[in-house]
Every structure is written in structure tokens, then in C-alpha cells.
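Put chain S on the given structure of chain Z with help from the hints.
Protein chains: 2
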Amino acid sequence: MEIIEKIEDMRNKSRALREANETIGFVPTMGYLHEGHLSLIRMAKNECSKVVMSIFVNPIQFGPGEDFERYPRDFERDCRISEKEGVDYIFHPSSQEMYGEDYLTFVEVEKLSGIMCGAARPGHFKGVCTVVLKLFNIVNPHVAYFGEKDYQQLVIIKKMVKDLNLPLLVKSGPTVREKDGLAMSSRNKYLSREERKNATVIYTCLNLVQELIYKGERDLSKIKKEVLDRLKENESVSKIDYFDFRDPESLDEIEMIGKHGRILAATAVWIGSTRLIDNKIIEF
Amino acid sequence: MEIIEKIEDMRNKSRALREANETIGFVPTMGYLHEGHLSLIRMAKNECSKVVMSIFVNPIQFGPGEDFERYPRDFERDCRISEKEGVDYIFHPSSQEMYGEDYLTFVEVEKLSGIMCGAARPGHFKGVCTVVLKLFNIVNPHVAYFGEKDYQQLVIIKKMVKDLNLPLLVKSGPTVREKDGLAMSSRNKYLSREERKNATVIYTCLNLVQELIYKGERDLSKIKKEVLDRLKENESVSKIDYFDFRDPESLDEIEMIGKHGRILAATAVWIGSTRLIDNKIIEF
Chain Z
1 MEIIEKIEDM
11 RNKSRALREA
21 NETIGFVPTM
31 GYLHEGHLSL
41 IRMAKNECSK
51 VVMSIFVNPI
61 QFGPGEDFER
71 YPRDFERDCR
81 ISEKEGVDYI
91 FHPSSQEMYG
101 EDYLTFVEVE
111 KLSGIMCGAA
121 RPGHFKGVCT
131 VVLKLFNIVN
141 PHVAYFGEKD
151 YQQLVIIKKM
161 VKDLNLPLLV
171 KSGPTVREKD
181 GLAMSSRNKY
191 LSREERKNAT
201 VIYTCLNLVQ
211 ELIYKGERDL
221 SKIKKEVLDR
231 LKENESVSKI
241 DYFDFRDPES
251 LDEIEMIGKH
261 GRILAATAVW
271 IGSTRLIDNK
281 IIEF
Chain S
1 MEIIEKIEDM
11 RNKSRALREA
21 NETIGFVPTM
31 GYLHEGHLSL
41 IRMAKNECSK
51 VVMSIFVNPI
61 QFGPGEDFER
71 YPRDFERDCR
81 ISEKEGVDYI
91 FHPSSQEMYG
101 EDYLTFVEVE
111 KLSGIMCGAA
121 RPGHFKGVCT
131 VVLKLFNIVN
141 PHVAYFGEKD
151 YQQLVIIKKM
161 VKDLNLPLLV
171 KSGPTVREKD
181 GLAMSSRNKY
191 LSREERKNAT
201 VIYTCLNLVQ
211 ELIYKGERDL
221 SKIKKEVLDR
231 LKENESVSKI
241 DYFDFRDPES
251 LDEIEMIGKH
261 GRILAATAVW
271 IGSTRLIDNK
281 IIEF
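Protein chains in written order, with the numbering used here: chain Z, 1 to 284; chain S, 1 to 284.
Careful: at least some of the hints might be erroneous.
Copies of the same chain are indistinguishable here, so a pair counts whether it falls within one copy or spans any two.
Said to hold, decoys possible - Quick list of in silico lysine to aspartate or glutamate cross-link-like pairs, EDC-like style, CA-CA up to 16 Å:
id, residue 1, residue 2
1, K126, E110
2, K171, E249
3, K197, E19
4, K162, E8
5, K162, E97
6, K162, E101
7, K158, E19
8, K215, E226
9, K111, E101
Calculated from the structure, these hints are not laboratory results.
With the rest of the complex left out, here is chain Z (with noise of 0.2 Å):
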């Protein structure tokens, strides 16, 4: 495994692996690995003959007073899970690197990125998309692969690359989840023993969400009133930045539902000081 940290290096290395008719799949991260990356790396071993993986703590997509300098980080922990994994490159830069002196240029994908985790952090996709798109751009990927519990991120990306015409597939991979439900975060070390435990509540509401469907309720704002009960008796819980019920391609807001049909229940709550975010696929 090569570890590598300037652009033009990766960029080299990229064009030598195409004219080489290699398949480049790529693992955008920002590190501290779970098996939620590792099942995308999975993914892209199976499917192409390179894998790249990259590590950045994207510091434009964290707003003022979020979590960019305490994210946790251990690239040496990273290095070794993921050379175990068989991924055949570490792109690794620094700011300094992607962002240099006088960085000007941004990507948005409008509207997609105000709602839901863009409403409650203001510019948060604008840094995700202007990133995900320079990596884009240095790694030059056939594939690329993004974990579904990011969903929104995932729409955006994807709009993004059909948008911008980039010559590249994006594909998702299933959330991973502890044994008692709660989806793998690396912001899940931010809990506390106690937090932790009580974490459970948000996919246990998602659950909920699904059982009432099943059980015929259509009316969404019912399930919405049960569902924001249940989370504000749990001791942990601290604020509550959204649960939507959404479509899953448009990511527009549905209200009723019909007998059959398929939904996005998507949330962002605060577990103590931690800000975690979870969704789930319901069809019917």
C-alpha cells in the first residue's frame, strides 16, 4: 500500500494506473476507520482492480463552533486496517495542499443542500461537494462509493455528478450498524457509557416509523407527533434538529402516503454534545 500527499503525485499515479487499464475505485473518507468504510472498500475491491482510498478532514464543510479540530483522527490505525483491507493507495493530503493561500472556487447543488442536515449546518454541502469534486478531479475514479447513512450527502453527490456531467459512477453501500442498531459513526466515540447506551433510541425510532407504516397509519404527521414523544423522554437526547419523512430520489418533503410507495425517514438528533445522524429506506 502507497501512501501519498501531494496532488500532483496522485494525479500521476492516477494517469499511469488508467494507461495501465486499470479500474480506479475510489473511498472518499475523512479517517478513523469503522466497517462502515470498510464495507465500501469491500465494495470497490470487488469491483474494481485499484482501490484508492482517501483521508482528509475536510475543514471547509465543518461550520464555526462544530467539531473540525476535535474530529477524531489516528492515521497510523488507518494505515494498518486498511492495508489489511487490500486498498492499494492512501491519497492523504494536507489543507495546506487542497486549499493552499487564497482558495476561491466553490460547488453548490442548490436547494438539496438548505433542507434537513443543510438547514441545521449552513454551508456543510457546499464543502462537502467542492471537495468531494476536487478529489474527484485529482483521483480520477471510475467508481466511487459513499455510505448511505450520509443519505442526503449521497443524493447531493449524485445530482452533482449528473449535473456537472463528471465522467464517473457514484455508488452507496448499506449503513453499518452496531449489534443494538446504532448506525457506525466515528463521532460515536464522542459518547459517553451512558449516551451510548441511550444512542439506540434514534434507530429504534426509525423502526417505529416503519412498524406504524406497516400497521396502516398514512398519516405522517401522526407517527412524526410518536415518533418526537419517544425521542424526548430518552434522558440523552438534547435537541432534535429534524425528522423528516422525505422522497427518497427527490428528497421532497411527503406528508401522506398512499397504500404502497416507498420513504425516506430521515433525522439528525443530539445525543449530549453529540450531533448524530441516522435514516432508514421504508418501502410498503
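Below, chain S without anything else, positioned relative to chain Z:
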């Protein structure tokens, strides 16, 4: 010469050219070709083995009330001229092909897009950057050619290419002028006979700046006053959007100059109901 209307066809053609080890020179235009465009085509012919020219009047770079609808178009004439110049492919997509029904993704180079023409035409450079990025992704050229008449556009596109790590080279060609000095522009067609005659005042003023600097004037506010007086006394000048002195690299505004240096004088002036731009780099 081949005319290509579909994104997918252009992309496939470009891929085939690259696989055949051709170098692709790209000249993006809005058509209604004049000698300025032809000079860029000739540069591309000289330096690359294949030349792609795009003709696309980009709706999203025109503001409400601007001249998108009446912008001059003559596709057949453009084709005849391009063929004679040795253009290999004309990429000529429809607006529907480029933006479809629910287009949402935009690129912006901050700061640089808000000054000069960007102050007078809000959203203009966001539209330019977005279409140019899309065209770059579709055509995937080795070198792209832009005219220096649109100097701010050139600086912004170079900055976008650098910031987003786009794998291509941007080159520029000097402004081509009519015999009396008026910068060639598709919009010159809008001018009445009287206006056409009076429009030479723009280039006269740029030369006046140079003359005053060469004579030793170092206070740009004095030069600006003299230039604005000259413009205002011209019967066809109906409005002056700006007449700026700026650093040719950063576009930072300059108020005083030293003994030696390099300065961009740039202006946007309305001749009757036609908005014309021009600029000159003065070395002293």
C-alpha cells in the same frame, strides 16, 4: 468537420481521441464567430492535433432583461467558417441537453466574480464558470483557449481550473481589433452606424491611460477623471459601468503606481443600448 449535439456523443468522441493519442484543443464560444474566435482556433490548430469548438449561447450567464434572446446567432455561417479554419468537431448542444429539467449545481469563484463585470451583472460569472466546467468535463481537452478581451473571465477561469484541480491547461489569445481599434465582439452587430463610429472612444481611452502613464502621471485618480470626462463627452456613451485599474493577476484594485510595473485598465461602457467591454495591460 463533424457536428456533435449530444453530450454522450461528444464524451465518446473525446475518449476515442485520447485513446488514439490525439491532443485536444478546445475553443468554447457562443458562436457568431469573428476574427477573435478565429485567432483562438488558429492557436489551437497550431498546438493540438484535434480542435473542438463549442457553440452554445449559455442561458444561465445572462441576467433577466439582458440580451440572451437577441444575442446574434448564425450557425450555418459559423460552420462554414470553422470548416475553412480546420476545426475538427463542433459541439453544439441544446439548452435542454445541457441543463435538462431540474438543473441545480453551480460553481462560483468568490470575490473575483463580484467585481467589475460581476458587480454590474450579478450571477454572470457563476453562469460562465458552471457552463465552462460542464464543457471541460464533456470535452475533456488538453488545452482550452480563451480571448483576452474577456480578461476578467480569463482570470476567473484560470482560478477555477487551479482551485478545482482540473487536468487541463488554459491559454489565452490577444484581443483582435477592427482597423479603428474597436475590440471585435459579436455584440458590435447591435451598433448603429453612428454608434459604431463613436464606439472607438473606448480604445482611445485605454490608449489615453497608457499615454498619461508614459508621460509620468502616477496618480490613477487623475487619469481616471480625465478618461471619464472623455467618455462622457461622447454622444453615444449612455452609461459607464466601470473604468478600473487593477492588478493583472489578482484583479486587486490599484490606486497609485510606482515607477515600474504592470497594470490592467479595464472598462465596460454602454454605447447606446449596447454594453461593450475592453481592456489593456500597460507595462511601464
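The hints, checked one at a time:
Both within a single protomer and between protomers do K126 and E110 lie at most 16 Å apart by alpha-carbon distance, with minima of 9 Å and 13 Å respectively. In this assembly of identical chains, K171 and E249 lie within 16 Å of each other by CA distance solely inside one copy; the values are 14 Å within and 40 Å between copies. In the homo-oligomer, the alpha carbons of K197 and E19 never lie at most 16 Å apart, since the shortest distance is 51 Å inside one protomer and 56 Å across protomers. Within a single copy, K162 and E8 get their C-alpha atoms only as close as 26 Å, which misses the 16 Å cut-off; across copies the closest is 12 Å, which meets it.
When the C-alpha separation of K162 and E97 is checked against a cutoff of 16 Å, the pair qualifies only between copies, where the shortest distance is 12 Å, while the shortest distance within a copy is 27 Å. For the identical chains of this complex, K162 and E101 are inter-copy neighbours only, at 12 Å across copies versus 30 Å inside a copy, given an alpha-carbon limit of 16 Å. Taking the closest pair of Cα atoms, K158 and E19 never come within 16 Å of each other, the shortest separation being 26 Å inside a single copy and 27 Å across copies. In the homo-oligomer, the alpha carbons of K215 and E226 lie at most 16 Å apart inside one protomer (14 Å), although the nearest pairing across protomers, at 81 Å, exceeds that limit.
When the C-alpha separation of K111 and E101 is checked against a cutoff of 16 Å, the pair qualifies only between copies, where the shortest distance is 14 Å, while the shortest distance within a copy is 30 Å.
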